[in-house]
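Build out the structure end to end from the sequences listed, making use of the hints.
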Amino acid sequence: MKQFQYVKASSNAGVISAISKPGTKIIAGGTNLVDLMKRGVTAPDKLVDITHLPLKDISEPMGNVMTMSIGALALNSVVAEHPRVKEMFPLLSMALHAGASPQLRNMATVGGNMMQRTRCTYFYDTAMPCNKREPGTGCGALGGINRMHAIFGTSEKCIAVHPSDMCVALAALDAKVEVSGPKGVRYIAFTDFHRLPGLTPQLDNTLASNELITRVIIPTNNFAKHSYYLKVRDRQSYAFALVSVAAALDIEGGIIKGVRLAMGGVAHKPWRLFDAEKALMGKKPTEENFAHAAQLAMQGAKAYKYNAFKLKLAPATIAEALKHASGLV
Amino acid sequence: MEKEEFGTDAMPQTGLEDPSRRSFIKQSSLLTAVALAPATAIKAAEGHLDEQIAGALEKLPLRMEVNGEMHNLSVEPRATLLDILREEMDLTGTKKGCDHGQCGACTVHVDGQRVNSCLTLGIMVNGKKVTTIEGLAKGDELHPMQAAFLKHDAFQCGYCTPGQIMSAVACINEGRANSEGEIREFMSGNICRCGAYPNIVNAITDVKNGGMEA
Ligand SMILES: Cc1cc2nc3c(=O)[nH]c(=O)nc-3n(C[C@H](O)[C@H](O)[C@H](O)COP(=O)(O)OP(=O)(O)OC[C@H]3O[C@@H](n4cnc5c(N)ncnc54)[C@H](O)[C@@H]3O)c2cc1C
Ligand code: SF4
Ligand code: FES
Ligand code: FES
Chain A
0 MKQFQYVKAS SNAGVISAIS KPGTKIIAGG TNLVDLMKRG VTAPDKLVDI THLPLKDISE
60 PMGNVMTMSI GALALNSVVA EHPRVKEMFP LLSMALHAGA SPQLRNMATV GGNMMQRTRC
120 TYFYDTAMPC NKREPGTGCG ALGGINRMHA IFGTSEKCIA VHPSDMCVAL AALDAKVEVS
180 GPKGVRYIAF TDFHRLPGLT PQLDNTLASN ELITRVIIPT NNFAKHSYYL KVRDRQSYAF
240 ALVSVAAALD IEGGIIKGVR LAMGGVAHKP WRLFDAEKAL MGKKPTEENF AHAAQLAMQG
300 AKAYKYNAFK LKLAPATIAE ALKHASGLV
Chain B
0 MEKEEFGTDA MPQTGLEDPS RRSFIKQSSL LTAVALAPAT AIKAAEGHLD EQIAGALEKL
60 PLRMEVNGEM HNLSVEPRAT LLDILREEMD LTGTKKGCDH GQCGACTVHV DGQRVNSCLT
120 LGIMVNGKKV TTIEGLAKGD ELHPMQAAFL KHDAFQCGYC TPGQIMSAVA CINEGRANSE
180 GEIREFMSGN ICRCGAYPNI VNAITDVKNG GMEA
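Those sequence lines, one after another, are chains A and B. With the first letter of the first sequence counted as 1, position 7 gets the number 6 in numbering that gives the first Met the number 0; the numbers rise by one all the way through. With the first letter of the second sequence counted as 1, position 82 gets the number 81 in numbering that gives the first Met the number 0; the numbers rise by one all the way through.
These are calculated hints, taken from the structure and not from any lab test. A hint or two may mislead.
[What the hints assert, rightly or not] Under the rule of at most 27 Å between Cα atoms (straight-line distance), these lysine-lysine pairs were calculated in the DSSO-like manner:
| id | chain 1 | residue 1 | chain 2 | residue 2 |
| --- | --- | --- | --- | --- |
| 1 | A | K311 | A | K156 |
| 2 | B | K137 | A | K55 |
| 3 | B | K128 | A | K37 |
| 4 | B | K137 | B | K58 |
| 5 | B | K137 | A | K1 |
| 6 | A | K45 | B | K95 |
| 7 | A | K37 | A | K156 |
| 8 | B | K58 | A | K37 |
| 9 | A | K311 | A | K277 |
| 10 | A | K37 | B | K127 |
| 11 | A | K224 | A | K175 |
| 12 | A | K7 | B | K128 |
| 13 | A | K182 | A | K224 |
| 14 | A | K55 | A | K156 |
| 15 | B | K127 | B | K150 |
| 16 | B | K127 | B | K137 |
| 17 | B | K128 | A | K45 |
| 18 | A | K24 | B | K58 |
| 19 | A | K7 | B | K137 |
| 20 | A | K182 | A | K45 |
| 21 | A | K1 | A | K24 |
| 22 | A | K37 | B | K95 |
| 23 | B | K95 | A | K1 |
| 24 | A | K24 | A | K224 |
| 25 | A | K55 | B | K95 |
| 26 | B | K128 | B | K95 |
| 27 | A | K311 | A | K301 |
| 28 | A | K322 | A | K85 |
| 29 | A | K45 | B | K127 |
| 30 | B | K58 | A | K1 |
| 31 | B | K127 | B | K95 |
| 32 | A | K20 | B | K58 |
| 33 | B | K58 | A | K7 |
| 34 | A | K322 | A | K311 |
| 35 | A | K24 | A | K7 |
| 36 | A | K45 | A | K55 |
| 37 | B | K58 | A | K45 |
| 38 | A | K24 | B | K137 |
| 39 | A | K20 | A | K7 |
Right, dumping it as structure tokens:
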């Protein structure tokens with residue numbers, strides 16, 4: 000690991016001014032950043048430790064504030080086990096439990112999880128070309144072993160997927176991200192937070208380099224009874240998703256009154272399935288309707304040499320997640 | 000002044016402040032000094048020229064309680080908790096497997112919570128309590144989990160064992176040892192290349208059922 004300077008931050012403003020200088024990076028849990036620094040994928044001159052900032056709070060809806068707010072420094076394990084999170088947003092708890100290992104979840108923060116970088120092996124291998132790591136060098140995965148890679152929203156520059164489980168649930172739950180920068184506070188819809196690679200795959204998201212994530216806000220909903228996070232991976236646990244699906248249904252009198260669907264492991268960002276959602280509204284929660292919606296969700300999918308299996312795996316996973324969420328299985 | 004640093008009288012004397020001349024003097028004094036007293040001079044010269052690097056290499060004070068004992072150390076910011084435990088403190092019970100958060104061999108408890116010490120910067124543990132495998136036993140009396148691992152043959156080569164035991168203790172403390180499935184899920188961050196898993200599960204089940212304080 001390259002040597003670096005270490006400073007501790009005691010205020011949001013301090014962090015923002017520190018990260019406004021090039022070569023300076025925030026460190027929270029360190030589970031992604033330290034790993035990337037050890038591998039030489041990133042080599043900051045200075046780290047700003049933000050773990051002492053008061054951003055760990057999880058606050059519940061009160062009065063007419065119909066949202067739950069989760070601080071950027073809340074640990075993945077704490078959020079996953081929080082009684083009100085489990086009760087109100089079981090989807091989020093399930094997604095968090097599906098990610099990483101208990102040790103890592105004890106270190107990983109909400110903000111860091113959102114900012115974690117792709118697990119594309121060519122991105123990690125500094126001997127290989129990668130437009131995300133070094134813009135303009137090419138993409139090792141395009142003609143390489145692209146088994147883990149995207150089938151939606153790719154560009155000729157990058158076909159990597161976003162690796163987070165938590166983010167798939169938050170995209171489905173219509174969460175908002177509160178960020179703080181030199182000009183003050185702004186809010187980003189979760190579905191707009193991560194971006195597609197386009198011509199600038201080095202940018203994973205729409206956060207400016209001088210902005211700090213302060214919290215995530217989730218509106219209350221009626222999905223708690225019918226939620227399911229299904230993650231398909233190479234081994235039973237402790238592996239990244241090949242395909243994952245966050246499914247949330249609001250079923251009343253045998254009719255779907257509301258539905259949210261998002262997929263992980265298929266795109267550069269958590270992939271919301273808006274067409275499938277529309278198709279299910281007002282319908283009965285049946286296997287046929289789920290299969291139909293799953294097919295609609297696959298429109299525009301494009302596979303590469305080694306990930307063609309995802310074209311079959313993805314719709315099957317969507318249908319299966321919906322069956323679990325609705326109580327059919 | 001170079002003169003002072005290199006401790007030699009052989010340096011050209013000048014009262015002029017001409018920069019190019021100064022740098023010439025610096026150069027030549029360095030050469031002279033090297034010629035006169037190689038080892039010390041080179042060391043000093045390096046120290047001087049690397050001043051900026053030295054700034055970045057600065058060590059920071061780290062105060063942490065390890066296995067019940069307070070330690071005051073001085074560490075580089077890039078040193079991981081794992082490397083500090085093993086190399087600075089000689090606590091080699093904690094193992095380095097993958098060094099990238101993938102195997103769990105380096106599992107320790109920080110303020111009672113299990114973490115991967117290979118991905119933890121030591122400096123970030125300042126003011127916290129660390130427990131390693133060396134801190135589990137009470138003198139000669141093994142921790143119940145250590146005893147159970149012995150009883151159930153829960154290791155072969157033993158390399159993953161310290162991390163497995165630290166995780167196993169945490170697994171029970173977290174209330175996640177209620178079934179074989181749950182134990183397997185919550186021990187999944189610890190990889191054993193020898194495949195000792197069934198016996199590890201038995202050992203944990205035993206401690207859990209024995210109602211022993213883990
Ligand atoms: C072996 C292994 C397996 C894993 N498996 C999974 C998995 O299955 N599913 C999954 O979802 N994840 C998985 N992870 C990833 C893990 O969840 C992330 O590394 C973790 O969530 C990152 O959080 P952190 O706090 O440690 O971030 P850090 O490593 O501290 O930071 C990551 C990035 O976020 C930035 N950052 C952190 N906080 C903020 C903030 N508040 N504002 C702005 N920028 C910020 C940092 O500058 C850095 O660039 C795995 C990791 C490992 C090592
Ligand atoms: S897919 Fe993206 S991250 Fe992977 S090698 Fe290509 S450019 Fe890099
Ligand atoms: S050495 Fe830390 S997880 Fe492998
Ligand atoms: S006993 Fe050999 S690695 Fe686990």
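To see whether the hints hold, each was checked on the structure:
The hinted pair formed by K311/A and K156/A meets the criterion: a straight-line CA distance of about 25 Å does not exceed 27 Å. Restraint check for K137/B and K55/A: the C-alpha separation of about 35 Å exceeds 27 Å, so the hint is violated. Restraint check: the Cα-Cα separation between K128/B and K37/A comes to about 25 Å, which is no more than 27 Å; the hinted pair holds. Of the supplied pair hints, the one linking K137/B and K58/B is violated, its CA atoms being roughly 34 Å apart against a limit of 27 Å.
A threshold of 27 Å between alpha carbons decides the hint, and for K137/B with K1/A the separation of about 39 Å lies outside it, so the pair is violated. Taking the CA atoms of K45/A and K95/B, the gap is about 26 Å. The hint holds against a cut of 27 Å. Taking the CA atoms of K37/A and K156/A, the gap is about 26 Å. The hint holds against a cut of 27 Å. Restraint check: the Cα-Cα separation between K58/B and K37/A comes to about 19 Å, which is no more than 27 Å; the hinted pair holds.
In summary, the hint linking K311/A to K277/A is supported, as the alpha carbons are separated by about 21 Å, within the 27 Å threshold. Taking the CA atoms of K37/A and K127/B, the gap is about 24 Å. The hint holds against a cut of 27 Å. For the given pair, K224/A sits about 22 Å from K175/A by alpha-carbon distance, which is consistent with the 27 Å threshold. For the hint pairing K7/A with K128/B, the CA-to-CA distance comes to about 19 Å; that is within 27 Å, so the pair holds.
A threshold of 27 Å between alpha carbons decides the hint, and for K182/A with K224/A the separation of about 40 Å lies outside it, so the pair is violated. Between the alpha carbons of K55/A and K156/A the distance comes to roughly 37 Å, so the proposed pair goes past 27 Å and is violated. Proposed proximity of K127/B and K150/B is contradicted: the alpha carbons are some 33 Å apart, above 27 Å. Restraint check for K127/B and K137/B: the C-alpha separation of about 21 Å stays at or below 27 Å, so the hint holds.
A threshold of 27 Å between alpha carbons decides the hint, and for K128/B with K45/A the separation of about 26 Å falls inside it, so the pair holds. Taken as a hint, the K24/A and K58/B pair is honoured in the structure, with Cα atoms around 19 Å apart against an allowance of 27 Å. For the hint linking K7/A to K137/B, the alpha-carbon distance of about 36 Å lies beyond 27 Å, and the restraint is violated. Taken as a hint, the K182/A and K45/A pair is honoured in the structure, with Cα atoms around 23 Å apart against an allowance of 27 Å.
At roughly 14 Å between alpha-carbon atoms, K1/A and K24/A fall within 27 Å of each other, so this suggested pair holds. Proposed proximity of K37/A and K95/B is supported: the alpha carbons are some 14 Å apart, at most 27 Å. Among the hinted pairs, K95/B with K1/A is consistent with the structure: their alpha-carbon atoms are about 20 Å apart, no more than 27 Å. The straight-line distance between the Cα atoms of K24/A and K224/A is roughly 40 Å, outside the 27 Å bound, and the hint therefore fails.
Pair hint K55/A plus K95/B does not hold up; C-alpha atoms about 30 Å apart against a cutoff of 27 Å. With a CA separation close to 20 Å, the supplied pair K128/B and K95/B stays within the 27 Å bound. Of the supplied pair hints, the one linking K311/A and K301/A holds, its CA atoms being roughly 12 Å apart against a limit of 27 Å. With a CA separation close to 20 Å, the supplied pair K322/A and K85/A stays within the 27 Å bound.
For the suggested pair K45/A and K127/B, the alpha carbons sit about 23 Å apart, so the restraint of at most 27 Å is met. A hinted pair counts as satisfied when its Cα atoms are at most 27 Å apart, and K58/B with K1/A qualifies at roughly 14 Å. For the hint linking K127/B to K95/B, the alpha-carbon distance of about 21 Å falls within 27 Å, and the restraint holds. As the CA atoms of K20/A and K58/B are separated by approximately 23 Å, the hinted pair is consistent with the 27 Å bound.
The hinted pair formed by K58/B and K7/A meets the criterion: a straight-line CA distance of about 15 Å does not exceed 27 Å. Note on K322/A and K311/A: the hinted pairing holds, with a Cα-Cα distance of about 17 Å set against a maximum of 27 Å. Between K24/A and K7/A the CA atoms are separated by roughly 12 Å; this keeps the pair inside 27 Å, and the hint holds. In summary, the hint linking K45/A to K55/A is supported, as the alpha carbons are separated by about 23 Å, within the 27 Å threshold.
Proximity of K58/B to K45/A is assessed by CA-CA distance (about 14 Å); at most 27 Å being required, the pair is judged to hold. Taken as a hint, the K24/A and K137/B pair is broken in the structure, with Cα atoms around 42 Å apart against an allowance of 27 Å. This hinted pair checks out: K20/A and K7/A have alpha carbons roughly 15 Å apart, not beyond 27 Å.
In the structure shown, a violation is registered for the earlier hints numbered 2, 4, 5, 13, 14, 15, 19, 24, 25 and 38, in ascending order.
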